[in-house]
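Chain by chain, the residues run as shown.
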Amino acid sequence: DTGVSQNPRHKITKRGQNVTFRCDPISEHNRLYWYRQTLGQGPEFLTYFQNEAQLEKSRLLSDRFSAERPKGSFSTLEIQRTEQGDSAMYLCASSLGSGSAEAFFGQGTRLTVV
Amino acid sequence: GEDVEQSLFLSVREGDSSVINCTYTDSSSTYLYWYKQEPGAGLQLLTYIFSNMDMKQDQRLTVLLNKKDKHLSLRIADTQTGDSAIYFCAESIQADYKLSFGAGTTVTVRA
Chain A
1 DTGVSQNPRH KITKRGQNVT FRCDPISEHN RLYWYRQTLG QGPEFLTYFQ NEAQLEKSRL
61 LSDRFSAERP KGSFSTLEIQ RTEQGDSAMY LCASSLGSGS AEAFFGQGTR LTVV
Chain B
1001 GEDVEQSLFL SVREGDSSVI NCTYTDSSST YLYWYKQEPG AGLQLLTYIF SNMDMKQDQR
1061 LTVLLNKKDK HLSLRIADTQ TGDSAIYFCA ESIQADYKLS FGAGTTVTVR A
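First to last, the sequence lines map onto chains A and B.
To convert, note that position 96 of the first sequence is 96 in my numbering; the numbers rise steadily by one, no gaps.
Take any residue in the second sequence, count from 1 to its spot, add 1000: that is its number in my numbering.
Treat each hint with caution, since some may be false.
[Said to hold, decoys possible] Distance condition first, Cα-Cα at most 30 Å in a straight line; then the derived BS3-like pairs of lysine-lysine:
1) B:K1070 - A:K71
2) B:K1068 - B:K1036
3) B:K1056 - B:K1068
4) B:K1056 - B:K1036
5) A:K11 - B:K1070
6) B:K1067 - B:K1036
7) B:K1056 - B:K1070
8) A:K57 - B:K1070
9) B:K1036 - A:K11
10) B:K1070 - B:K1036
11) A:K57 - A:K14
12) A:K71 - A:K11
[Claimed, not checked] Which residues of chain A face chain B? A few of them, derived with a C-beta cut under 10 Å, are:
13) V4
14) P8
15) Y35
16) Y48
17) S58
18) S62
19) F104
20) Q107
21) T112
[Claimed, not checked] Here are the computed distance ranges between Cβ atoms for each label pair:
22) A:Q41 - B:L1061: 19 to 27 Å
23) B:S1007 - A:R81: 37 to 45 Å
24) A:S66 - B:A1111: 27 to 35 Å
Hints in this document: simulated from the structure, not taken from any laboratory.
Backbone N, C-alpha and C define an ideal beta-carbon position, used for all residues, glycine too.
Could you build all of it, start to finish, from the sequences and the hints given here?
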């Protein structure tokens, strides 16, 4: 297992378009997290899953954002009607889910909305 | 985030020790972390400490926790050019839960 994998690494889209990102966690990791990081800031929590169940969503996650983890393995994050303010790095992380303190991050997807 | 604060920049000479400081506000913080981010990359977990510990050492890294003052520090011994990166302090109130991050400290190692 090579770690948390995110695709694509970079995405440029026009304002108003929809985009979808994918995250493949470390195998056997039950918990999966999405974060957003803007320039000069630390990552901010968006949402997380325990297997296929979405357990918590941040108020940052507007109605235009939706995340799924249908089979409890990979996850997708969709942004509808993108805005320039959505430009950021979207980071995915996973943890074992059995009392583990360690969360491992992917390389991120950098979104640029033009 | 506003609950975790770090100084923004640190410049250190190669071979010296680096000390990066962090303060947090949530007294319920149970796990405290240090992550490293290199340009254009994701976050690499360096180390973490449980709140009932006051020190943890792992090779060149030493973490000190002052729970009373809610102060965390990361010391890097014998700093190398490869240590140039942004270092994030983060906290969580429980295992397998969301992290709250500081804004990061940019460490520059000069020859």
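How the hints compare with the structure:
For the hint pairing K1070 of chain B with K71 of chain A, the CA-to-CA distance comes to about 40 Å; that exceeds 30 Å, so the pair is violated. Among the hinted pairs, K1068 of chain B with K1036 of chain B is consistent with the structure: their alpha-carbon atoms are about 26 Å apart, no more than 30 Å. At most 30 Å may separate the alpha-carbon atoms for a hinted pair to count; K1056 of chain B and K1068 of chain B meet this at roughly 17 Å. For the suggested pair K1056 of chain B and K1036 of chain B, the alpha carbons sit about 17 Å apart, so the restraint of at most 30 Å is met.
For the hint linking K11 of chain A to K1070 of chain B, the alpha-carbon distance of about 39 Å lies beyond 30 Å, and the restraint is violated. Proximity of K1067 of chain B to K1036 of chain B is assessed by CA-CA distance (about 23 Å); at most 30 Å being required, the pair is judged to hold. Distance restraint check for K1056 of chain B and K1070 of chain B: the Cα-Cα separation of roughly 16 Å lies within the 30 Å cut-off, and the hinted pair is therefore satisfied. Note on K57 of chain A and K1070 of chain B: the hinted pairing holds, with a Cα-Cα distance of about 27 Å set against a maximum of 30 Å.
With a CA separation close to 24 Å, the supplied pair K1036 of chain B and K11 of chain A stays within the 30 Å bound. With a C-alpha separation of about 21 Å, the suggested pair K1070 of chain B and K1036 of chain B falls inside the 30 Å cut-off, and the hint holds. Restraint check for K57 of chain A and K14 of chain A: satisfied, since their Cα atoms lie roughly 26 Å apart, inside the 30 Å limit. For the suggested pair K71 of chain A and K11 of chain A, the alpha carbons sit about 25 Å apart, so the restraint of at most 30 Å is met.
Taken as an interface hint, V4 of chain A checks out: its beta carbon lies about 8 Å from the nearest beta carbon of chain B, inside 10 Å. The beta carbon of P8 of chain A comes no nearer than 14 Å to any beta carbon in chain B, farther than 10 Å, and the hint placing it at the interface is violated. With its C-beta approaching chain B no nearer than about 8 Å, Y35 of chain A sits inside the 10 Å limit, and its interface hint holds. With its C-beta approaching chain B no nearer than about 6 Å, Y48 of chain A sits inside the 10 Å limit, and its interface hint holds.
Evaluation of the S58 of chain A hint against chain B yields a held restraint, the C-beta minimum of about 8 Å falling below 10 Å. At a threshold of 10 Å, the smallest CB-CB gap from S62 of chain A to chain B is about 18 Å, leaving the interface hint violated. Among the interface hints, the one on F104 of chain A holds; its C-beta lies about 6 Å from the nearest C-beta in chain B, closer than the 10 Å criterion. The beta carbon of Q107 of chain A is positioned within 10 Å of a beta carbon in chain B (closest approach about 4 Å), and the interface hint is therefore held.
Below 10 Å, beta-carbon pairs count as interface contacts, and T112 of chain A has none with chain B, the closest being about 13 Å; its hint is therefore violated. At about 24 Å, the CB distance of Q41 of chain A to L1061 of chain B agrees with the hint of 19 to 27 Å. Look at S1007 of chain B against R81 of chain A: about 38 Å separates their beta carbons, and that is inside 37 to 45 Å. Between S66 of chain A and A1111 of chain B, the C-beta spacing of about 49 Å breaks the proposed range 27 to 35 Å.
Violated hints, in rising order: 1, 5, 14, 18, 21, 24; the structure is consistent with all others.
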